[in-house]
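Number of protein chains: 2
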Amino acid sequence: MERVAVGLVGLGIVGSGFYSLMKHNGEHFASKMGTSAEITKVAEIDTARAKKQVPKDVLVEDYRRVIEDDAIQVVIELVGGTGVAYDIIRSAIERGKHVITANKALLALRGAELFALAREKQVELKFEAAVGGGIPIIKVVRESLVGNRIGKVMGILNGTSNYILTQMSEKQLPFEQALKEAQGAGFAEADPALDVGGGDAAHKISLLASFAFGGWVDYRQILCEGITMVRPGEIEFAASAGFAVKLIASAMLVDGKPAVTVFPALIPAQHPLSSVRNEVNAVFVECDFLGPALFLGRGAGANATASSVASDLGDLVQALMLHAKRGGYPFDPRRTLELYPDQKMEYRFFFHFITENRPGIWATVTGCLAGNGINIESVHQKWEDRSKPSDLYILVDEAREEQAKKALREVCSASGISSDSRFYRILPL
Amino acid sequence: MERVAVGLVGLGIVGSGFYSLMKHNGEHFASKMGTSAEITKVAEIDTARAKKQVPKDVLVEDYRRVIEDDAIQVVIELVGGTGVAYDIIRSAIERGKHVITANKALLALRGAELFALAREKQVELKFEAAVGGGIPIIKVVRESLVGNRIGKVMGILNGTSNYILTQMSEKQLPFEQALKEAQGAGFAEADPALDVGGGDAAHKISLLASFAFGGWVDYRQILCEGITMVRPGEIEFAASAGFAVKLIASAMLVDGKPAVTVFPALIPAQHPLSSVRNEVNAVFVECDFLGPALFLGRGAGANATASSVASDLGDLVQALMLHAKRGGYPFDPRRTLELYPDQKMEYRFFFHFITENRPGIWATVTGCLAGNGINIESVHQKWEDRSKPSDLYILVDEAREEQAKKALREVCSASGISSDSRFYRILPL
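As they're listed, the protein sequences go chains A and B. Following the working numbering, the numbering of the first sequence begins with 44 at its first residue and continues without gaps. Following the working numbering, the numbering of the second sequence begins with 44 at its first residue and continues without gaps.
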């Protein structure tokens, strides 16, 4: 049986998971592929810890020894971050090696350059594990949907945020407490900013959108709001109106341009995304021929991520054994797509105004909405203690983002209304 | 740009759908693949109808003109059935052509022979569209899960049955009426036997199980029960106990052997499969590294099926352009797997006894259960009109299939108890 030599860089949580997968299932993998893949070098700076898992003759401290090893055909970068990981991937591609990574932050930041370089050097830069964890969504979009035009890709792409929102919803916890529980349960990192701020989901949706729409989508141009401001009372009211609050990353074509957004949205309780709980990820795709489809699975964790790395490795082993270079490319990394302006996007909105409880407030609020051409669908006032602020929930008909923003600004500048008032966008079924 | 010549045989619903996909999205497909695929011949015996869709110089009546055309590298068989379709596929493979089919009935019946022949001739026999319609489950199992050992594949694989059960559940319709509605809505054929009898789901799960477990699974050895006996009252009671009734095709490893079954099962309301409505299909997979994952989409219809045919064509175009023959094989068609005996399978059961309403019935029923070592979990008697038969619902602890069958047989042979009494198996979360 033939053999492909693989170099693994980074033996943290994901790296260890993948190493363990190959130890347990390497023979199974080889029997399915007709070719074995052997990890001939593992680079890890924390050699003391790595020694417990990796034989001495395989372990190296400096990743350059992996890159400079001409026998190694595939480099797997599982270091993470946007620093040394960039050097690893770039130098591996330059040496003509195929690369697998799970590094969404780096790909979102410098993917246009790295994908273009890979294309120039005729090697593959694969990243199934970077989006949706174990869900095989990149392969599905790239290969299974090749006969379709994709209209929409949206999903729950950050497990930490979904875990927190689920706990807030099911246990009526405030954000801070749900975050602490998530950290305790191992579903949130010590510094959760990238997760709860929406940045991680923005990285992932920019990559998905690039593949779906054929050009580069720059994540820095994406409207991105996180979940730190979400209140349990808002989730509760949304539920009573038939909606779940989920951090949704979405990319859809509007007038031929991709509209790409990340924000906590209200989605109808009947939508399959609304019942996706805790750390699970899910991706919903809408295409012209396939129609709607949903893919659901573990969005993070060492083992699920390792499964996706193995999927990429299977593709590369196949290609290497066939001495094959890919023909087509799923997108052109050198062509940055112009996004549809988010201010022009239309949604139904769910406003939450926090107000004093006195005459004139209703007139102000409804006046500002009317003045911006926004039609009220239904209203609900939470009436508790006259000395405390009152919660005014208003669902409105479709309006443009800019209309809703202007109305909110005007209401918030009126006396007796808290500047903590806000709106949520409602995504259709 | 290079070009792959494709021959399409059969221009019925699915064939027309695929022809239309290539007409609409052929250029898009070519830009993604770096190679165009052109349908150079279409064979259809109903030439009068086909002429409306296909140019005269492309249309032929006799499929042999497609097989004998040496320029054609890929033959797509969308005739269906187990007669001429077999000749088409066999002769295409023998001429060294790759084949794509959506024909689950034929593959389940003669796949062991056809896959072995394809392997011998070093061509591919692809069938993404045969299982799960537009859901890319074959590619996922074959490629994305290559690093995993699959423990379980189960799902809703027959859209007709699921449509009928959904209507029975939501509108409290009896089976016959729901079937008529399904036929009216175009979700059931005039002869629905293969769908509602479970045969179609058995074909599909045998193919999925073969890929998942590495050898040939003969669908004729599968325990297969359809939905014709399901009563709306049973669905209603199951719902009140927290379960949905779904036709579930399931394949899982028990003591190293595949246990493969098709039957209407009770599944917990929290399980994602329980909320799959109407004609939608869904496949749930459980693996050692990926963990649980769910794939959901349209299980039938011309367009969704065409999407899967295009996915297979994409793979073949890629392979042809690389002048590549596959290395490994996902399963050995010449090795028929011994199945785990279904009589030894253990489930919780839900019994429905239809009885006269008189003293001694309870003693008989509970005595037979006890005599077979079956422990009662909860009971419910539907009490309406003393002159009519009474419905006795009993949920019991885990027991072997053979125990439940023996107990049911004994109860049914007692006086005052209808032989229409039955049980449902409860599948765990």
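Among the clues, some could well be false.
[As the list claims (entries may be wrong)] Cross-link-like lysine to aspartate or glutamate pairs, in silico, DMTMM-like; alpha carbons within 25 Å at most: (1) B/K66 - A/D331; (2) B/K95 - A/D440; (3) A/K66 - B/E268; (4) A/K164 - B/E45; (5) A/K66 - B/E279; (6) B/K387 - B/E427; (7) A/K449 - A/E427; (8) A/K164 - A/D100; (9) A/K66 - B/D440; (10) B/K448 - B/E329; (11) A/K195 - B/D261; (12) B/K425 - B/D375; (13) B/K387 - B/D261; (14) B/K300 - A/E70; (15) A/K387 - A/E399; (16) A/K95 - B/D331; (17) A/K425 - A/E232; (18) B/K164 - A/D298; (19) A/K214 - A/E427; (20) B/K66 - A/D130; (21) B/K66 - A/D440; (22) A/K195 - A/E427; (23) A/K300 - B/D331; (24) B/K66 - A/E70; (25) B/K195 - A/E70; (26) A/K66 - B/E232; (27) B/K387 - B/E279.
What the hints contain is simulated information worked out from the structure, not anything from laboratory work.
Do the hints match the structure? See the list:
In summary, the hint linking B/K66 to A/D331 is supported, as the alpha carbons are separated by about 13 Å, within the 25 Å threshold. Distance hint between B/K95 and A/D440 is unfulfilled; the C-alpha atoms sit about 45 Å from each other, more than 25 Å. A threshold of 25 Å between alpha carbons decides the hint, and for A/K66 with B/E268 the separation of about 41 Å lies outside it, so the pair is violated. Taken as a hint, the A/K164 and B/E45 pair is honoured in the structure, with Cα atoms around 21 Å apart against an allowance of 25 Å.
Between A/K66 and B/E279 the alpha-carbon distance is near 49 Å, which puts this suggested pair outside the 25 Å criterion. Proposed proximity of B/K387 and B/E427 is contradicted: the alpha carbons are some 37 Å apart, above 25 Å. A hinted pair counts as satisfied when its Cα atoms are at most 25 Å apart, and A/K449 with A/E427 does not qualify at roughly 29 Å. Pair hint A/K164 plus A/D100 does not hold up; C-alpha atoms about 30 Å apart against a cutoff of 25 Å.
At most 25 Å may separate the alpha-carbon atoms for a hinted pair to count; A/K66 and B/D440 exceed this at roughly 39 Å. At most 25 Å may separate the alpha-carbon atoms for a hinted pair to count; B/K448 and B/E329 exceed this at roughly 28 Å. The straight-line distance between the Cα atoms of A/K195 and B/D261 is roughly 39 Å, outside the 25 Å bound, and the hint therefore fails. For the hint linking B/K425 to B/D375, the alpha-carbon distance of about 52 Å lies beyond 25 Å, and the restraint is violated.
Between B/K387 and B/D261 the CA atoms are separated by roughly 19 Å; this keeps the pair inside 25 Å, and the hint holds. For the given pair, B/K300 sits about 19 Å from A/E70 by alpha-carbon distance, which is consistent with the 25 Å threshold. With a C-alpha separation of about 32 Å, the suggested pair A/K387 and A/E399 falls outside the 25 Å cut-off, and the hint is violated. A threshold of 25 Å between alpha carbons decides the hint, and for A/K95 with B/D331 the separation of about 23 Å falls inside it, so the pair holds.
Under the criterion of a C-alpha separation no larger than 25 Å, the hint pairing A/K425 with A/E232 is inconsistent with the structure, at around 35 Å. Restraint check for B/K164 and A/D298: the C-alpha separation of about 48 Å exceeds 25 Å, so the hint is violated. Straight-line distance between C-alpha atoms of A/K214 and A/E427 comes to about 21 Å, which keeps the hinted pair within the 25 Å bound. With a C-alpha separation of about 44 Å, the suggested pairing of B/K66 with A/D130 is violated against the 25 Å cut-off.
Straight-line distance between C-alpha atoms of B/K66 and A/D440 comes to about 39 Å, which puts the hinted pair past the 25 Å bound. The suggested pairing of A/K195 with A/E427 is violated, with an alpha-carbon distance near 42 Å, which exceeds 25 Å. Between A/K300 and B/D331 the CA atoms are separated by roughly 40 Å; this puts the pair beyond 25 Å, and the hint is violated. Between B/K66 and A/E70 the alpha-carbon distance is near 43 Å, which puts this suggested pair outside the 25 Å criterion.
Between B/K195 and A/E70 the alpha-carbon distance is near 20 Å, which keeps this suggested pair within the 25 Å criterion. Restraint check for A/K66 and B/E232: not satisfied, since their Cα atoms lie roughly 49 Å apart, outside the 25 Å limit. Note on B/K387 and B/E279: the hinted pairing is violated, with a Cα-Cα distance of about 29 Å set against a maximum of 25 Å.
When each numbered hint is compared with the structure, violations occur for hints 2, 3, 5, 6, 7, 8, 9, 10, 11, 12, 15, 17, 18, 20, 21, 22, 23, 24, 26 and 27.
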